[in-house]
Structures are given as structure tokens and as C-alpha cells.
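> Working from the sequences, and respecting the hints, build out all of it.
Residue numbers (our numbering), protein chains in the order written: chain R, 1490 to 1992; chain C, 2 to 104.
Don't read these hints as lab results, they were simulated from the structure. Predicted model only: the values in this text are computed from it and were never measured. Watch out, some of these pointers could steer you wrong.
What the hints assert, rightly or not - Here are the simulated lysine to any residue pairs, SDA-like style, with alpha carbons at most 25 Å apart:
#, chain 1, residue 1, chain 2, residue 2
1, R, K1801, R, G1771
2, R, K1817, R, R1806
3, R, K1703, R, V1664
4, C, K14, R, L1638
5, C, K14, R, K1703
6, R, K1937, R, K1958
7, R, K1958, R, G1773
8, C, K14, R, R1640
9, C, K14, R, R1645
10, R, K1817, R, G1789
11, C, K54, C, R39
12, C, K54, R, K1703
13, C, K54, R, R1651
14, C, K54, R, E1556
15, C, K54, R, P1557
16, C, K54, R, V1596
17, C, K54, R, L1720
18, C, K81, R, T1599
19, C, K14, R, G1637
20, C, K14, R, T1595
21, R, K1574, C, K54
22, R, K1801, R, G1812
23, R, K1801, R, G1816
24, C, K54, R, D1634
25, C, K54, R, G1960
26, C, K54, R, L1606
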Amino acid sequence: MTEHSIGGKVQTGIAGFDHIAFGGLPRNRNTLVAGTAGSGKSVFGLQFLFSGATMDNEAGVLVAFEEPPGDLMQNVRTFGWDLEKLVRERKLAVVDATATVDDEATVAGTYDLSALLVRIEAAIGAVNAKRVVLDSVGALFTQFDDGGLVRRELHRIGARLRGLGLTTISTAERVEEDGGIGRFGVEDFVADNVIVLRNRLDGERRRRTMEIVKLRGGPHYKGEYPFTIDLEEGIAVIPLSAIQLSQKSSTERMSSGVAELDEMCGGGLYRDSIVLVSGATGTGKTMLVSHFLKAGFDAGERVLLFAAEESKEQLARNAAAWGIDFGKAERDGLLKVVCRLPETMGLEDHLIHMRRDIAHFKPMRVAIDSMTALERASSMKSFREFLIGLVTNLKHLGVSAMLTTSSAMLSVTESATEIHISTMTDTIILLRYIEISSEMRRGVTVLKMRGARHERAIREYTIDGTGMKIGTAFRNIHGILGGSPTYMFTPGPSDVLAPDRPR
Amino acid sequence: MEYSFSLYVTGQKPASRSAIGNLQRLCDEHIPGRYEIRIVDILENPQVAEREKILATPMVVRQSPEPIRRVIGDLSNTDKVLEGLDLLQAAPMSRSQFGGSLT
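Given below as C-alpha cells:
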């Protein structure tokens, strides 16, 4: 058996984790999952058992030391995991090793924990288990005074489980987020693999991360990966840098929804590209998004809009003002609008929800209006991770997306959001106010178009009852994007400063 | 019987044998003729260990009289056993009345 192959790994079923662990936990090894109270250790273990029993046809044994098994099972019911049912179906066996409250035993002479091992083995035999979770072994140290004996016995149990060919997860509580792995030196007995779950305060928000400290017999991704505990999936890790952008880019073009803009992009947007639309308030970002979505649903494609600033009704009203019928598209099942206030949850949760919405609705086009609103509700680090997670997901699915950002200043470009986003997007479209002769006009330009020639001109556009009308390029002016246009006077016609207005 | 004990052991290990011997000896000394000992090898009856939530062996449980008392170990520490099973109060009877039963 080569340990690098998937055959040597056991999938945990934890979204993203198997990826950063190069396929899962090494089969027939012991893994220690350590973390502070509330860091998600038990959920990790139970998810491993649940997905084993339901997806991989591998039965499991839950050995509960701290919380009674009934309570543990009740806790994860919110994720939709019916562990009691698995017990009835003999896909899960339970060993209740919690301390009995009523009576404390006196110690009079030498003893060992053979009875525990016998019970675990009996449970394994009863369901023909392949996976075992010991949750959490630290509780044994409070039950029995002799720490050395407990460590010895845990070591013996670990060795025995390996001998039986089982893949084991032991959870252990940590006192602090940093410093030593375990509290009772339990890492000694499960030295194969060590995973640390953390739950830190970042700004005013809880930020959960997972780190594979050690993984025997194979490579794994290093460092901390953010994760979330989600009501539908349980633990979901956001693999970030571990995601390879190996997806091939499409050369197929599609319409942005505005013919002139397609022209500026050299024939339309690429089918799987990520488009950033940057502009100050009122420049028409939401309008461009509406055009982008309309081009999709008019062609019979499903399109999904994530709105972080405006309500569904408001968006529909706006669209109607530009002659775009959101209501009909929704009734036809081609448009889905998801409005979620950024502040309602952490960005990790937003990402998980968005990924799920995308997975369920299977859109060809996705729009997010706006990224700036999402950024405001998070720390810079979370936002970056969110963005990477989102973009890689979209790329992976080959979905095209239009993301909007608001630039704080009316004409000059660049916000923090954009700095992060711009490197990850294929196309950048700038919408800018341009002051010419004491008049606010609007200009659009394609700043970047990955893998294609595009027009460099800044064109004037107007907004009317049918939406965006792009005209011709501003002429004889430069420095527009810098925020201080200068005019080049050329002798001749008097309309030197005025670009051709769209008809 | 006035005193009823369950002694849980795992297999025929030295600790198991010591525990059985020590318990019997102490009972004979302190409560002769008034006790019964039920020996349970949980290697043969793992479901009993599960039901009784036993982790450590050997372990003796005083089932009666109430309250239930538990002592863990090979019972080599006599003082601890007598204290744990609360046998010190029991008035020792004369040697002639020996008659504990093993079931």
C-alpha cells in the first residue's frame, strides 16, 4: 500500500479538509484533534463517523468520555445528522465511558483500563467498525488520578486499534490557543497525526481555523485554514491556497449585456471569467449587473444575484426602470436573487452559503453587488480568504461572475477591496465620473482583459430608460482616471471638448 | 445474603486472581458467612461492562446493602478496601462460622 495513494487515506467527509490533507486521514492511524472548548473537536469526530457510515459504508464506534453519547448525538442533530438512526441500523456503536456521577470509586491496589478496551472491541465487533472516535480523552485524566497509567492505557488502546486496522480520531482539550498541543501530554500516545482547531477573536468576530500540524506518511498543506461550522454541512474548511487554479480557461465569448461593452472587450466576455466592475455610487454598477444578468436569462441561462446592499424589491424596481423584467425571469426559474445582509454572519459563513446557493441553483452567471458591502463587515484577512474561496469555487465550476466594488472617491480609482480583487479577476471595468467644463459626465473603460486585446479608450456613457448607452471615446482629454483631466486644445471645430453624445 | 458483591475482572490475569483472593479473605475476616461474591469476567461478558459502565478492572461493587460502593484495583491495599466497601463497622464474627459462598 502506498501511503500517498487515496487508498491509503480515509475520507473524513469534512468539506475542504480532505483536500488540505491530500485525500483524508491516513488509514489505520491515530489522529489527535486538539482544540480549546467550543473549537469544534466533537463535531469533527462525529462528522468523520457520520460520513463514514452514510457515504463510505464504513461503520464507526463513538467512545464518549466527557459528554454522554445521547447529548453528543443531540448536539449534531441540527446538522441533520441522525446518529441514533445509525445506531439502530448498526452502522454506529456507542461506548459510554463518561464518569458515573453517583458514586466515586476508591482505589485499592493496581488496576488497568482493560474493561474499556474490551468494551471498545465489543462495539467494534458488533458493527464491524472501521472508524473509532474517542471524545475526549482528557476526561479520563479527571476520572483517574494516575496520569501515567491513563497515558499508558491510552497508548495501549491506540496500539490495539491500529492492530485491528481501524482509523482513529482522539479529541483532546487545549487550555490556550497557542502553546502545547495537549493538556495531559496525550499527544504522546497518538503521535501519528495531529490536527489543531482554533477559535480566536479577530476584530470582534470569532475566527475558526484548522491546522494540520503533523500527518504521518504523506504530504499535507501547511498553515491555518479558516473553517466554519455550518448548520447544513457541519465543519467546512476553506482550502484557500491549497486550491489549484488548474481549470482551463474558456475561449468562448458571451455578452456582457451591453453591445458596446462587448465591443470594447474585443467581442464579449470570456465564458468563465470573473469580471470586476468598479465605480463610485451612482455610476451604474447595479445597472451593469442587471444587463449582465439579463443577457444570461434572455439566452435561457440560469443566473444568480447576491445582493448585499439592496432588497429584492428595490433591485427589481431598479431593473424595471432600465426595461429589465426580473419578475418574469424569476417566475421562469432563470433568475434567483439572494439578499443577505453582510452583517448577519461572518464571511466564512457567507462563503459557505454562497457556495451552496451556487451548487443548488447551478447558474451560468453569478453577480455579487457589492463586494464592498461584504468587505465592510469583516477583517481584511477574512475578506481576502473569502475572495479566494469564492473565486476559486467559481473558476472550478466554470461559472462567470460579475463583482462590483464601490470606490470611495467619485473619480479616482482604487479602494482596498479592489486591490485584493483586481489580482484575482480576469476583466476589470471602470465606471467613473468625469468632470468636464463643470459638468459631471460618466466614462467607462476596460482596464484589464486577461488573454485578449481590448479597447483602451475611455468612452462616455449615459443612462436612460433602456439602461446603459455607451457612446464614443472622450477625445482631446487625458488624465481622466487620475482625477484631473486636462484638455488639449486643437484649433478647429468648436465642439472640441465634447465627445460625441450617444444618440 | 446480607452482603452482596460483584467482582469484575478481565481474564485470568495476576491482578484478577489477587482481587478474587483478597476480597474473599477480607470478607472471611470481617463478614464471614454473611456475604456472597459474584465474579464476572468481562472478557466473556462485555455487555455487562457496557451496562455497568465499567472502565477499570479489577473492580468490586457492593450491591447490597445500599448504598452501592465501588472499589478499583487488585484489593491489595487492605485499609482502602475496608474503607471503600465500608466493612470496618461490620462486627467480625468468630472463625467457626465461616461460610461465604461463591457464585
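> Give a verdict on every hint.
We went through each hint and held it up to the structure:
no. : hint                : result
1   : R:K1801 <-> R:G1771 : 18 Å, holds
2   : R:K1817 <-> R:R1806 : 13 Å, holds
3   : R:K1703 <-> R:V1664 : 20 Å, holds
4   : C:K14 <-> R:L1638   : 17 Å, holds
5   : C:K14 <-> R:K1703   : 37 Å, violated
6   : R:K1937 <-> R:K1958 : 21 Å, holds
7   : R:K1958 <-> R:G1773 : 11 Å, holds
8   : C:K14 <-> R:R1640   : 21 Å, holds
9   : C:K14 <-> R:R1645   : 16 Å, holds
10  : R:K1817 <-> R:G1789 : 12 Å, holds
11  : C:K54 <-> C:R39     : 17 Å, holds
12  : C:K54 <-> R:K1703   : 34 Å, violated
13  : C:K54 <-> R:R1651   : 24 Å, holds
14  : C:K54 <-> R:E1556   : 14 Å, holds
15  : C:K54 <-> R:P1557   : 12 Å, holds
16  : C:K54 <-> R:V1596   : 17 Å, holds
17  : C:K54 <-> R:L1720   : 33 Å, violated
18  : C:K81 <-> R:T1599   : 12 Å, holds
19  : C:K14 <-> R:G1637   : 21 Å, holds
20  : C:K14 <-> R:T1595   : 21 Å, holds
21  : R:K1574 <-> C:K54   : 22 Å, holds
22  : R:K1801 <-> R:G1812 : 16 Å, holds
23  : R:K1801 <-> R:G1816 : 10 Å, holds
24  : C:K54 <-> R:D1634   : 18 Å, holds
25  : C:K54 <-> R:G1960   : 81 Å, violated
26  : C:K54 <-> R:L1606   : 12 Å, holds
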